[in-house]
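Novice: Once you have looked at the hints, place chain X with the ligands on chain P.
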Amino acid sequence: MIFKDLVIIGGGPAGLSAAKIAAEAGVSCLIIERDPFLGGQLIKQTHMFFGSEKQYAKTRGLDIAKILIDDCLKHQDLIEIMTSTTVVGLYKDKVITTLHDDTYNKIKAKSIIVSTGASERFFAFENNDLPGVYGAGAVQTLMNVYGVKPADKVIMVGSGNIGLIVSYQLHQAGVKVLKVIEAASNIGGYKVHASKIRRIGIPIETRKTIKRAIGKDKVEQVEIVSLDDDWNIVDNSSEIIDVDAVCISVGLIPQRNLLSMIDIKTKFIKELGGIVPIINEDHQTSDKDVYVCGDVSGVEEASSAIVEGYYTGLIAARNLGKEHQDFKTLNIDYKNQLLNLRSGPFGKKTLKGLEIMKEDANVK
Amino acid sequence: MLNKTGVPSLSLIKTKFPEQNKLFKAKAITECYEEIPCNPCSTSCPFEAITIGEDINKLPVVDFDKCTGCGICVYSCPGLAIFTVALKKEKAIFKIPYELLPYPKVDETWKAVNRDGLVIGEAIIKKVILKPKQDRTLLVEVEVDKNLLYDFITIKE
Ligand SMILES: Cc1cc2nc3c(=O)[nH]c(=O)nc-3n(C[C@H](O)[C@H](O)[C@H](O)COP(=O)(O)OP(=O)(O)OC[C@H]3O[C@@H](n4cnc5c(N)ncnc54)[C@H](O)[C@@H]3O)c2cc1C
Ligand code: SF4
Ligand code: SF4
Numbered sequence: 001m002i003f004k005d006l007v008i009i010g011g012g013p014a015g016l017s018a019a020k021i022a023a024e025a026g027v028s029c030l031i032i033e034r035d036p037f038l039g040g041q042l043i044k045q046t047h048m049f050f051g052s053e054k055q056y057a058k059t060r061g062l063d064i065a066k067i068l069i070d071d072c073l074k075h076q077d078l079i080e081i082m083t084s085t086t087v088v089g090l091y092k093d094k095v096i097t098t099l100h101d102d103t104y105n106k107i108k109a110k111s112i113i114v115s116t117g118a119s120e121r122f123f124a125f126e127n128n129d130l131p132g133v134y135g136a137g138a139v140q141t142l143m144n145v146y147g148v149k150p151a152d153k154v155i156m157v158g159s160g161n162i163g164l165i166v167s168y169q170l171h172q173a174g175v176k177v178l179k180v181i182e183a184a185s186n187i188g189g190y191k192v193h194a195s196k197i198r199r200i201g202i203p204i205e206t207r208k209t210i211k212r213a214i215g216k217d218k219v220e221q222v223e224i225v226s227l228d229d230d231w232n233i234v235d236n237s238s239e240i241i242d243v244d245a246v247c248i249s250v251g252l253i254p255q256r257n258l259l260s261m262i263d264i265k266t267k268f269i270k271e272l273g274g275i276v277p278i279i280n281e282d283h284q285t286s287d288k289d290v291y292v293c294g295d296v297s298g299v300e301e302a303s304s305a306i307v308e309g310y311y312t313g314l315i316a317a318r319n320l321g322k323e324h325q326d327f328k329t330l331n332i333d334y335k336n337q338l339l340n341l342r343s344g345p346f347g348k349k350t351l352k353g354l355e356i357m358k359e360d361a362n363v364k
Numbered sequence: 001m002l003n004k005t006g007v008p009s010l011s012l013i014k015t016k017f018p019e020q021n022k023l024f025k026a027k028a029i030t031e032c033y034e035e036i037p038c039n040p041c042s043t044s045c046p047f048e049a050i051t052i053g054e055d056i057n058k059l060p061v062v063d064f065d066k067c068t069g070c071g072i073c074v075y076s077c078p079g080l081a082i083f084t085v086a087l088k089k090e091k092a093i094f095k096i097p098y099e100l101l102p103y104p105k106v107d108e109t110w111k112a113v114n115r116d117g118l119v120i121g122e123a124i125i126k127k128v129i130l131k132p133k134q135d136r137t138l139l140v141e142v143e144v145d146k147n148l149l150y151d152f153i154t155i156k157e
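Chains as they are written, first to last, in this note's numbering: chain P, 1 to 364; chain X, 1 to 157.
Extracted from the complex, chain X is given alone in its bound form:
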């Protein structure tokens, strides 16, 4: 699937998630399935929660006990392949990278989109963060239905 369409299978996606009971706090999910020469996720994490190692082609591994869900790796990943997610009651709170215009605004309701680019529900914009060190990649915090945990990936106006 991934090799032909760019869409990973559900079982592959789940390999990157911790147990759901770990998600009471936000954790980084690295959707990086292929060895490429790249390591900013690991070098940008202030808590040393992502390891790649000497050989920068190796896949990132997240230590969910160390990850604070701060979101720095989210905007540092050149592949836009990282988001954070936490579960709060019936909702999943995601922090995603976003680089398209127009920018979302807090309290707006946008469309929740899956990895196939299809609309799967609603996403309420909670925070929109753009500091200079993010180098023009927005960090958007959105709230979606909990059952979209493994499907949600981005937003659309």
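Chain P on its own, in the form it takes in the complex:
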């Protein structure tokens, strides 16, 4: 058994940022990452990010990942990294089971930060298991990590930021995006992204959904239908379109399965993306030595995942007896940054979700 002060599960922006600040405070930590590389969702993002300079706005996602990884590498004496290693078990006495190359290992931690991110939501329609029906994230990985063109003609289902951005990136890669369809009456993502893809000739059509995929061994066509204001299918609105792939981008769900293994209290909060761990202001769960940050505690953005990571690293370090030399300043700065990021119309949803959470957060 390996012993560690702080184990961080998930090496995305939240986990990397937590490690950086905890190490700055003098805590030795271990980052465990399932993928062969660190960076989480960021390494697939070839577009410039929003936010303010503190969260690396206008830098491309993959380059933000590089910055965060370099920050961690500066603390090699304190930060240990395990990649291609999946946490498969978590126990109440803070024992973690990892799987790497068919080998299981056990690690005992004093504190754990879970920053496992979110996974793609899928939805039911006829033949959604046909090859050629992809999640938007999978398409991004194929294109931007492995350099594989996923298809020639696609339809994007969902107009949130991910659907809009992946449509733009597909177009950049030379894939024809026939249209983006959205079941709601308005576009879900930022309008600047919507305008950006509209002007390069990709139409966005609201109040439409996919009814079925058609094809023998793979997707050859899709049937699209219109929806009325009560979400019922409009008669005779069916449209059959030739495609070789359908890209689904209908939201993300916090990846909290590890937390259920140790009976962490959770709650369904629609505004945060589904079932989330209940946390207090210090990002502690119902087990005070288990913290969460990033998308696993509510689906948001990399900008907020980074700041949440810093904040959680700062608090976890203090609770392990290592107070960061700038604790007070950073503590206030991170809280203000999060408030600032969440103060617009898009952030309101998160704030509302966090309010609902507070009602249950009697765990401190």
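In silico lysine to any residue, SDA-like type, Cα no more than 20 Å apart, as pairs:
#  : chain 1 : residue 1 : chain 2 : residue 2
1  : P       : 54        : X       : 134
2  : P       : 176       : P       : 150
3  : P       : 288       : P       : 318
4  : P       : 4         : P       : 288
5  : X       : 127       : X       : 72
6  : P       : 349       : X       : 34
7  : P       : 149       : X       : 102
8  : X       : 58        : P       : 336
9  : X       : 89        : X       : 122
10 : P       : 110       : P       : 3
11 : P       : 348       : X       : 35
12 : X       : 127       : X       : 101
13 : X       : 111       : P       : 201
14 : P       : 176       : X       : 116
15 : X       : 16        : X       : 53
16 : X       : 4         : P       : 160
17 : P       : 4         : P       : 322
18 : P       : 218       : P       : 152
19 : X       : 133       : P       : 46
20 : P       : 179       : X       : 100
21 : P       : 176       : X       : 5
22 : P       : 265       : P       : 355
23 : P       : 176       : X       : 100
24 : X       : 4         : P       : 230
25 : P       : 348       : X       : 58
26 : X       : 133       : P       : 59
27 : X       : 156       : P       : 199
28 : X       : 91        : X       : 145
29 : X       : 111       : P       : 200
30 : P       : 176       : X       : 101
Calculated directly from the structure, the hints in this document are not laboratory data.
Specialist: Frame of chain P; chain X with the ligands shown alone:
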């Protein structure tokens, strides 16, 4: 319109333009109509011509008297929502961000495209700038007919 198709209406577009007589020099037009947590346009402008303020969700406001039309904000905006425009006789000279292949070359004639993605005329490529600090977003200077002032948004080969 904008909420359903991604295309802003003409009246909305015009709110972002100065009076035409200010356009004898290039000015930045920020087509950013929705409060999102974002402010690189403001922090990248060396002339403090774009203000967003403490709350980064607020909309950018351009001080056209301070704006020199340098184009730095154009490639700094992650939403690709900024261009500059100047009027020269019967022509409008735009500087636009561009991230698609193939890259345009100086003196080529490309198609002028509107916000619906439709071809509305010709665009002559005047300059193509790509410096390291632009981080892979091209700055393309193009000349189009003056009457496309409120319609032109991008180019297509
Ligand atoms: C297409 C797209 C565009 C985006 N655009 C923007 C944008 O412009 N601006 C912005 O701010 N945000 C953007 N985001 C959102 C941003 O990428 C996420 O919010 C952010 O990555 C969340 O960070 P995280 O660290 O919480 O999770 P993730 O980045 O998902 O990282 C979680 C990590 O945990 C690992 N992991 C999970 N389970 C285990 C396990 N059991 N064992 C070991 N490791 C595990 C995963 O492999 C992953 O590396 C975008 C996302 C997508 C998909
Ligand atoms: S064009 Fe130059 S001067 Fe004008 S707002 Fe943009 S960065 Fe500032
Ligand atoms: S940088 Fe672009 S998207 Fe961001 S606020 Fe400025 S104009 Fe809007």
